[in-house]
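What follows is the residue order along each chain.
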Amino acid sequence: MKQRIKLFVNGEAYEVYTEPNRTLLDVLREDLELTGTKRGCDSGECGACTVLLNGKPVNSCLILAPEVDGQSVVTIEGISKPNLPLHPVQEAFIEKWAIQCGFCTPGMVISAKALLDRNPEPSEEEIKLALAGNLCRCTGYVKIVEAVKAAAEKMKEGRS
Amino acid sequence: MTVQISRESLIGKSLTRVDALEKVTGRAVYGDDIKMTGLLYGKILRSPKAHAKIKRIDVSKALALEGVKAVVTGKDAPFRGGEALRDQPFLAIDKVRFVGEPVAAVAAVDERIAEEAIKLIEVEYEDLPAVFDVMDALKPDAPIIHEELHTYEHIPIVQPVPGTNICAKFEFERGDLEKGFAEADVVIEDTFTFAPSHHGQIEPFMAIAQVDYNGRITVWVPNDAPSRLRKDLSDAMKIPQDRIRVISPPYMGGGFGGKGGLKVEMVCIALAMKTECRPVKIRLTREETFEATLTRHGAVCWVKMGAKKDGRIVACHSKLYYNTGAYAEKGPTVTLHGCESGVGPYDIPNIKVEGYCVYTNRPVAGALRGYGLPQSSWAHESLVDMLAHKLGLDPLEIRLKNALVEGSINPIRGDELFSVGLKECLEKAAKAIDWYKKRPPNRGVGIACEYKATKTPSGSTAFVRIEQDGSVEVVTSSVEIGQGVRTILTQIVAEELGASPNMIKVTVPDTDYTPFDASTTASRTTFHMGNAVREAARDAKKQLLELASKLYGISPERLDTWDGKVFPKEGGKEMSFREVITSHYRAGLSILGRGSYYPNIPGTLFSAHSVFYMYAAHAVEIEVDPETGVITILKYAAAHDVGRAINPKACEGQIEGGVLQGIGSTLYEEILFDDKGVMLNPNFRDYKMPTSMDMPKVIPIIVEAPHKEGPFGAKGIGEITLVPVSPAIANALFNAIGVRIKDLPLTAEKVYFAIKKQKGGN
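Sequences listed follow chains A and B, in order.
Everything in the first sequence is counted per the numbering used here, starting at 1 for the first residue and increasing by one.
Everything in the second sequence is counted per the numbering used here, starting at 1001 for the first residue and increasing by one.
For reference, chain A alone in the conformation it holds in the complex:
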């Protein structure tokens, strides 16, 4: 039987009727049509569906929809808005060529942002660890790690 859940996504309130065995990823992509969050494996192994749930990065394919009732979610669409400046992580990903096919990119950006929110000056090892749940098959991660370092620098300059 369908359940009514309320959730806040990118600052907007939504009400969704859903079977309780559907996931947050299903709700985001299919009901709310926020397709920036990608479906790669449906089992929490690739990280393409990473979103922020109450500020923490989670695999949205592992969260059942009723669990997010009343909770706050940020997806890649909430990280930047058209005609407004990008987040420093996004800027750095563009500048450092940290993107190839782009399928892992939204999840990578979310994981990187979450890292820099909790640890503004991460070491290379800390960056690698924070991204270990996000698989990328194109880049070999080299330029992604460089981009996260550059984003940390940008944010540091922004603070000073």
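No lab work stands behind these hints: they were computed from the structure.
Note that beta-carbon positions come from the ideal geometry of N, C-alpha and C, so glycine has one too.
Each hint should be verified, as a subset may be incorrect.
[Said to hold, decoys possible] BS3-like mimics (lysine-lysine), calculated; alpha carbons at most 25 Å apart, straight line:
no., chain 1, residue 1, chain 2, residue 2
1, A, K128, B, K1688
2, A, K154, B, K1013
3, A, K149, B, K1697
4, B, K1013, A, K2
[Unchecked claim] Facing chain B, a subset of chain A residues (Cβ under 7 Å, in silico):
no., residue
5, Y14
6, C46
7, N54
8, G55
9, S80
10, L84
11, Q90
12, I94
13, L135
14, C138
15, G140
16, Y141
[To be verified] Quick look at which bits of chain B chain A covers, simulated, 3 or more residues with Cβ under 8 Å:
no., stretch
17, 1008 to 1019
18, 1023 to 1034
19, 1657 to 1669
20, 1687 to 1694
Dock chain B against chain A, hints included.
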């Protein structure tokens, strides 16, 4: 008077990706993001058997389920497809040949109903003996997988052997092999095995198909070759190509050779033919993507080499056996390309290479970055090291001694080689890891090199359109797989047309509107499509300058363009493209430039020597933990001769990505099966791909030996970046601890037991 025009070339500049903004903001649209009015969802019932006769299929219960709109089996779509050899039914007909083969499918109003419905389909099988090992499949008493092999249509270069499991075989011979071995001071031979691996694209496979009221088929699918897909479908279904339209979704989430040929398209079309014009979407799960799309060939490679005391290799004989699984797919040409690099990038006067593409009851194997070379290179690059050891020579020096150079004769095809940057690759890669440095125990260095052909001959056509507002559209069927093709084509057109990159957009392929292109594969796009768009840009520029010459009142030869403006070469007023077009055609018009590239080489597809060759050398320093067998990569240098780097960052990205993908299949990636042919690790949990934690220090090195026919001298890069990885690491393992492993992957367990055996333990 001459005005100084600042004209800094865009070639060789690392422009940012033209698609970066859409991708980094999550607004880039991929296949599964597409919804349509009336969309139905398909699910596939797959074979649980590796080899069995289908005795009976009963779909009545599935059809009766509310919400189900169509059910199909093989008999509803009696077509066989395949680029090289048409052996693969859209859904199994009469028998199944691998675990995961489509047997029936359902289209329903939602995915859950479709899922429920396929469980209601009853199938009765009669087991047949199955064969999984490539050498077993060649035995005289092996079960025959394709009894009708003699009836299949195939391209001229593919020669199946009816009555056997040999789907294709190739042989190249030059010089006098026996004489060569007789002259050699040292002859060694060995056998190397290569484990099957998977592409691991993060985007799973999908397709949408629709059949309109006229029976015309439209397919939306992330396929690396829309023009080829249309032809493959037309050949399979025996309908004209214009009855089929292939549209690429705006973006593809990784391909690596997997998203080509006929995959989900086949079942999707079979369903769409029965849904009364409603579109049908099928998206595969991660498990299906592993089990039932494509793998890299497992292989057994035997190589024999003979050399003089000074290290000069005088003879090489290779026999390569590729396990192509249940259907040919691109297996025959994968085997062919493996053969084309079957003796390595060396000037060897006496060679013989035999390649066998062999059917088994494994899932279908086909193209995966490297196209047959990861297997053949694994063998000969390991053996060259063993040869060096036996002769007491340095592995780098034996390679430099035999390496192909400008003017060498291709040992396989006999064509004269030019644009050969191999020695520079070897020297630079070795230097980057400080090759000759003395190293502490358990540390070692390894090197491997290779050259790779591209499929030849093959063609590309493009248009460059200048709109009335002066903006430029590059109309092409090249697919943005992630490699950066739209950025590269933008740079080439901007340079040739004298436009600024931000005026240019590159189309998404749609076979109704974008012209023919053979494929976005084989590292062919920068070269072939690059030449086509360059010619189209030149044509558009010529037309633009003819218009401008009327406005300026001087001949077109005295005008030029840069940064979106026309100007007289001797100085004077500039006019924007828009001003030129609207001054002449006040009510508006487009300028359409045309360009095509087709190499001037005779022969049918895949039959000719390559129009260009990529060269590469990788050098690696590793540390081995003798207690655990774990290999740690300390430094990895990869040098690639790309002809000319249009965009160095894009080249680096290809190198870094290819190297880590290669490290995966060298150290831990391996598709595992049980004894019934069931895949045991069809997910990212059990099939281990490298994560950010596994990223070593990679040093990408770009070498430029310009190609006379390449756009601005460019060749290609993507495929070869993975090829030398396995032998380079295995050679470093030998250098570090004196252990030679000949079967991939080099898991810690395997290394540990090899060390133990070397020490004389059990």
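We went through each hint and held it up to the structure:
no., hint, in the structure
1, A:K128 to B:K1688, "holds, 17 Å"
2, A:K154 to B:K1013, "holds, 24 Å"
3, A:K149 to B:K1697, "holds, 16 Å"
4, B:K1013 to A:K2, "violated, 55 Å"
5, Y14, "violated, 17 Å"
6, C46, "holds, 6 Å"
7, N54, "violated, 20 Å"
8, G55, "violated, 18 Å"
9, S80, "holds, 6 Å"
10, L84, "violated, 11 Å"
11, Q90, "holds, 4 Å"
12, I94, "holds, 4 Å"
13, L135, "holds, 6 Å"
14, C138, "holds, 5 Å"
15, G140, "holds, 3 Å"
16, Y141, "holds, 4 Å"
17, 1008 to 1019, "holds (count 4)"
18, 1023 to 1034, "holds (count 10)"
19, 1657 to 1669, "holds (count 5)"
20, 1687 to 1694, "holds (count 5)"
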